[in-house]
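Asks: The whole structure should be built from the sequences, with the hints applied where relevant.
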Amino acid sequence: MAKTRISMKVNGTEVEGLVEPRTLLVHFIRENLQLTGTHIGCETTHCGACTVDIEGMSVKSCTMFAVQADGSEITTIEGMANADGSLSPLQEGFRMMHGLQCGYCTPGMIMRAHRLLKENPAPTEEEIRQGIAGNICRCTGYQNIVKAIQYAAAKLNGVEFKEAAE
Amino acid sequence: MIPGTFSYHRPASVAEAINLLSTFGEEARPLAGGHSLIPMMKLRLATPGHLIDLHGVAGLTGIRRDDDKIVIGAMTTQQQLLASNEIRTALPILQEAAALIADPQVRYRGTLGGNVANGDPGNDMPALMLTLGATYRLEGPNGARNVAAGEFYQGAYFTALEPGEILTSITIPAPAAGHGYAYEKLKRKVGDYATAAAAVVLTMADGKVASCAIGLTNLHETPLLATDAANVVISTGLDAATLKQAAAAAEAIMSPAADARGPVEYRKHVGGVMVMRALQRAAGRAR
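In order, the protein sequence lines correspond to chains A and B. Straight run, no breaks: the first sequence in the working numbering ends on number 166. Straight run, no breaks: the second sequence in the working numbering ends on number 1287.
No wet-lab data here; the hints were simulated from the structure. There is no bait here: all hints are sound.
Far from chain B by the CB rule (all over 12 Å, computed), these chain A residues: (1) Val15; (2) Thr36; (3) Met96.
Among chain A residues calculated to face chain B with C-beta under 7 Å, some are: (4) Arg22; (5) Thr45; (6) Val67; (7) Gly134.
Just so you know, even glycine gets a beta-carbon here, dropped at the ideal spot from N, CA and C.
Replies: What follows is the structure, encoded as structure tokens:
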């Protein structure tokens, strides 16, 4: 099958590659670009581990062809740290609130939470839970993931983070 | 989990898309949001030789008011429906249903056109289109035609779409101001299709139902309009006996498949429950 040349901006860097039309975006990101922070979990559009940010949308990159992303701007977990390499508020939130155990779902969770907070900077707990409904975690029971996102929202809004009583 | 090989096409106009579909015939499939088709391709249950991606086609997205109708481009995503003030004001039932479809990531990609044109009995929007009296604009090699949603669905995955045709827009008459609405969907978990779901749009006058339409999702191989059930509630105050009669009339036309969501009797029973809940909630919202 003939290959197609595609180019896109990933984490601020122009990249290009030669792909078959059937190459999934997640495979292009992991194998061609060697950005292995984006995980493949279920490969069936259920788990959200492969979530990346494309043109202002959270997208499961296992359910989009790389050719469809030609010319677009993408952010992956590798693009989430601050410019000086320090942790962004979301990353810091996951660390401080113990928002991960095995870590497999974490890149997808952070990429989804990133877009959620862009659209809704001060979400309620319910809005956070609905907002991450497309991301599955099998370790944490979500409690600390929700707290991590609340921590990040507070920090981004410049207010003090108060943990809700349990 | 890698699809079979195919050629990728990204037409820029409806005419170009129709031309490609006509040229490649059965080998070609149009690609909208891709959240039904791409998973099927990964399982090799769909093996199109040519994929016609509609994302580059100008003029297929957007929501506009046209007098007393709302016109929605086929490639408008569920997320765009949820974010639209026009939809929030005129057709809030679409937002209630869209929020129950799959999950946030899927809603950024999944389109209204794909949801209604695929012919999947599990999709939520077709029953709403029947309830609201929507019309689909189909464009093909022989020109454009309008087909009522009620005449579009012929069987599971069988629709009125002819070879070479694509759905380009959906026109929905704006329901009366002050109408009541509800979409009740029973599902096992986020992302699942409905075990049973019911859509209700009604108007009330002096505490009685003045007009009513009821749609059913995933309770037959096509979406259903429960006309008899709607007639039962007209001129009533939706007392308990009337609600039960309406549920029974709706159950009489249901013929769901027995699957992992439950046996036939269970799915019909909860279908009736969804009808009763949707009627009550819609009436509570009517002004």
